[in-house]
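Asker: One letter stands for each residue in the lines below.
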Amino acid sequence: MIPPGIKPYHPDSPWKNCHENFSHTFTPGCSWILDHSGNGLSLSELYHRATKNLQWVINESIKKNVSLRAIGSNWSFSPVAMCDGGMVQTRSLDLLFNMNPSLLSPSYAKSHEDLLFVECGAQVARINKYLEIESSPARCIRASGGSSGQTMAGCISTGTHGAALFTGAVHDVVVGIHLVTGPDTHVWLERASYPVASDKFIDWLGASPVRNDEIFESALVSFGSFGIIHGLLIETDPMFLLKEYRISTAVYSKDLMKALSTLDFSLLKSLIPDLPDSLPGHELYHMEINFNPYTLKEGSSEGLYIFLFYKVPVPTGHVVDHSGTHDPGPSPEFIWMMKGLMSLLGPRASYNKVKKLTTKEFEKNIRPATPVAKSIGAIFRDTRFTGNIASFALAISTSDLPETIKEILKEIEKKAFAGAVAVRFVKGSAATLAFTKFENTCVVEMDGLDTKANHKVFGNVIKRLESAGIPYTIHWGKLNTPLNKGRTAAIYGNERLKAWKNSRKELLQEDVRGVFNNAFMDKCGLV
Amino acid sequence: MAKFSPFLLWIAIIFCFASSCSVIRVVEVATPTSDCAGSGQQFCHDTIIRSSIWKPKNKMNVMSTCTTGISRFKVTTKPMDVILGFLTAGFVVRQRIDWDCAQRSGAGEIN
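Chains G and Z are the protein sequences, given in the same order. First residue of the first sequence? That's 13 in my numbering, and the numbers climb one at a time after it. First residue of the second sequence? That's 14 in my numbering, and the numbers climb one at a time after it.
It is possible that part of the hints are untrue.
Straight line, CA to CA, 30 Å or less: simulated DSS-like cross-link-like pairs of lysine-lysine [to be verified]: (1) Z:K87 - G:K28; (2) G:K475 - G:K309; (3) G:K122 - G:K386; (4) G:K28 - Z:K91; (5) G:K19 - G:K76; (6) Z:K87 - G:K19; (7) G:K475 - G:K426; (8) G:K439 - G:K122; (9) G:K270 - G:K422.
Hints listed in this document are in silico derivations from the structure and should not be mistaken for laboratory results.
Start from the sequences and build out the full structure, keeping to the hints where you can.
Answerer: As structure tokens, then:
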């Protein structure tokens, strides 16, 4: 008998990810959708019932000897979170809980107001709405990707990063994980070095406490392979707004690259007099560069744009507005450019044709800075784009930015790339498999058409970085075809991989590990 | 003022009718949330409604299936549905409705 709050789910066959760039087939009769339907239960009771229900679906998968993965927003560009067995849809598990002082560890130095307990299915948009509009006083998340459509659990599992150069990626704000690890087990996982939850909170969950830095950092970015994340405790900030600037006068030069690669803002200011100062009340928060690989030339500012967001206080009377028409947002996804190109490019488009159209669309669609300061939730909104779009991202140490750009330009000089390149600066993460692992990380995003030619360019860029001896990583949630067992080991090192696998073994029994294995992990040597 | 020929007028009416009734009309909020993930861009809930323009009461309460309100809503009328409506003089009007339920608002307290 199926317990209340669970319904059988019959995924379409083939099943497509949200961005419709790949299809997948699940085994019929193995998928479930969980929800909080039912009258008379309190929110706490609904949460507890959902924990039991997640255990129930794991047990069903063990009994049927099939794999299982939780699906939140189905957002990833790669099948990192897909499996051959079934899916459990979690997006109806959308509860949020405020914390109170009795739920915090006495060692936790911050306040209960700095924390929010988020159920796995809650979308970032829902969290933004609660924190920025419904909460009093208003709060906000610390870091966001370019979109708010993902679930928080999905964001952290694949390393969604944003461009918060002094804050880090989305998973870096997580301080506790409620993880369902088997048919009869679930744990509260937090760092031993950063305890946050009291026994009362862990008793409320009914979970077993695991306070261990290595296991926590391993579970943080684990693409659904450590069981099912049921809840996350995240740290939030008092609400701030972001004031945006676009700099189009920066000249591509050795000095500019030196300033960016060393994060030398004095040098940057001397090169770009327009660069706004970072001062208390107007602090630099987000930095990204967008460039057209066809027009970027030494000594010229053509096709080079720097986008900056500065944290500013919320003025009295400010009304947060998450509505309005869609603007492209700070993400360099260039959806409109791609749409234009798709209709114009034929299968045998020549190099010059691609170059001409890419340049035209780049300039047409590079957006101006938003004139008024806005909240994170008002800026980073839903940016779905579908079909024929390829989104690839690699990360490097900021110090390797100049050489990396050179290698990308060399590649695109030889092979046409229908797309644009963006660089986002992110503080490095301690998570074991964070692809933002460099102390100061640059995420280089190459978004373009989903064509064989572009995929070839992605692969070639990786080969070029390897030839040049530039350490790199590849985004787990974006296109990551070049990843394989050898590369994963080379990127993260055997010690990290061993720690990650051991942590998984610590948390999951062998039969449960089998449920959460998938082809992607096999390919990357992570099983 | 140029006079419209009846032929052109009919063409314009048919074109207008066909285009306005055959496209998908979407009402979407800027930051939609949803209670489940559909394959690709598909919505999570759908139904086919068959009604008649001659029926005195012609309401369908989709809201009743969403305890937390509707996030996105789409009405699709296919060309064949338009023809069916024509042929039956409006007695059979067929449309497909897709929607997503929004995620809830607010937060709970742990006691």
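Asker: Which hint numbers doesn't this structure obey?
Answerer: none
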